[in-house]
Amino acid sequence: EVQLVESGGGLVQPGRSLKLSCLASGFTFSNYGMNWIRQAPGKGLEWVASISSSSSYIYYADTVKGRFTISRDNAKNTLYLQMTSLRSEDTALYYCARQAYTTDYYYFDYWGQGVMVTVSS
Amino acid sequence: DIQMTQSPTSLAASVGESVTITCLASEDIYGSLVWYQQKPGKSPQLLIYGATILEDGIPSRFSGSGSDTQYSLKINSLQPEDFASYYCQNGLSTPWTFGGGTKLELK
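From first to last, the protein sequence lines stand for chains A and B. Mind the numbering: the first sequence is residues 1 to 121 in our numbering, read in order. Mind the numbering: the second sequence is residues 1 to 107 in our numbering, read in order.
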């Protein structure tokens, strides 16, 4: 069974840093691209960052570019999101999601339960 | 960036009815359209990818259609468990953009 378990969230002051982790199990982690997607309270979904299976390709949303860093450790089956210079608008539930690819179609087929990040003084 | 516009933003229906949610992309996404369902307090669940391909385990009352820039999700014979929020997503290229969501409520 595919499982994605996020951790590392919490309450942090504006301008500070936080690092999220996502532990994957039930599949060959090194074969899949992974993503972070967030959802502000009561709002819709916003893609944050993507990383390819071997970390060769990394993409960010403009809203976090230069402040967030996505990375992975395939030996530990773990995805990370280092967040710096946090702002109140970064307050959200952060999901990690596996990226599937089938005949030209990309989609997120498995999602974690999410971890809450609250940026407030 | 590809903008995704969903409509309606909310919808009230009764058990047994059929509903349709639409998603408009700002440019041709060549059928690379994904639909997710999200129930309150839960993570999103994949329903349909490639505009029309039903994910394994998803009931056949869900169906997707469309091409170019216009897509739709149809739910036939609504069941109590279908009342949730639905999101479309550009599956063609980064940034992976989502529609604003449609909240399907019980009338």
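Be a bit skeptical, because a hint or two may be false.
Stated by the list, open to error - Capping the alpha-carbon separation at 20 Å, the derived lysine-lysine pairs in PhoX-like fashion look like this:
{"hint": "1", "chain 1": "B", "residue 1": "K103", "chain 2": "B", "residue 2": "K42"}
{"hint": "2", "chain 1": "B", "residue 1": "K39", "chain 2": "B", "residue 2": "K74"}
{"hint": "3", "chain 1": "A", "residue 1": "K76", "chain 2": "B", "residue 2": "K107"}
{"hint": "4", "chain 1": "B", "residue 1": "K74", "chain 2": "B", "residue 2": "K103"}
{"hint": "5", "chain 1": "A", "residue 1": "K76", "chain 2": "A", "residue 2": "K19"}
{"hint": "6", "chain 1": "B", "residue 1": "K107", "chain 2": "B", "residue 2": "K74"}
{"hint": "7", "chain 1": "A", "residue 1": "K76", "chain 2": "A", "residue 2": "K43"}
{"hint": "8", "chain 1": "B", "residue 1": "K39", "chain 2": "A", "residue 2": "K43"}
{"hint": "9", "chain 1": "A", "residue 1": "K65", "chain 2": "B", "residue 2": "K39"}
To be verified - Here are a few chain B residues that face chain A, going by a calculated C-beta distance under 8 Å:
{"hint": "10", "residue": "S26"}
{"hint": "11", "residue": "L46"}
{"hint": "12", "residue": "Y49"}
{"hint": "13", "residue": "T52"}
{"hint": "14", "residue": "F62"}
{"hint": "15", "residue": "G66"}
{"hint": "16", "residue": "Q70"}
{"hint": "17", "residue": "A84"}
{"hint": "18", "residue": "Y87"}
{"hint": "19", "residue": "P95"}
{"hint": "20", "residue": "T97"}
{"hint": "21", "residue": "F98"}
{"hint": "22", "residue": "G100"}
{"hint": "23", "residue": "G101"}
{"hint": "24", "residue": "L104"}
Stated by the list, open to error - From the derived model, a few chain A residues whose C-beta atoms are all more than 10 Å from chain B:
{"hint": "25", "residue": "Q13"}
{"hint": "26", "residue": "K19"}
{"hint": "27", "residue": "P41"}
{"hint": "28", "residue": "R67"}
{"hint": "29", "residue": "Q113"}
Hints in this document: simulated from the structure, not taken from any laboratory. Using N, Cα and C, we set each Cβ at its ideal position, and we do this for glycine too.
Legend entry - Earlier hints that do not hold, by number: Those not satisfied are hints 3, 7, 9, 10, 13, 14, 15, 16, 17, 24, 29.
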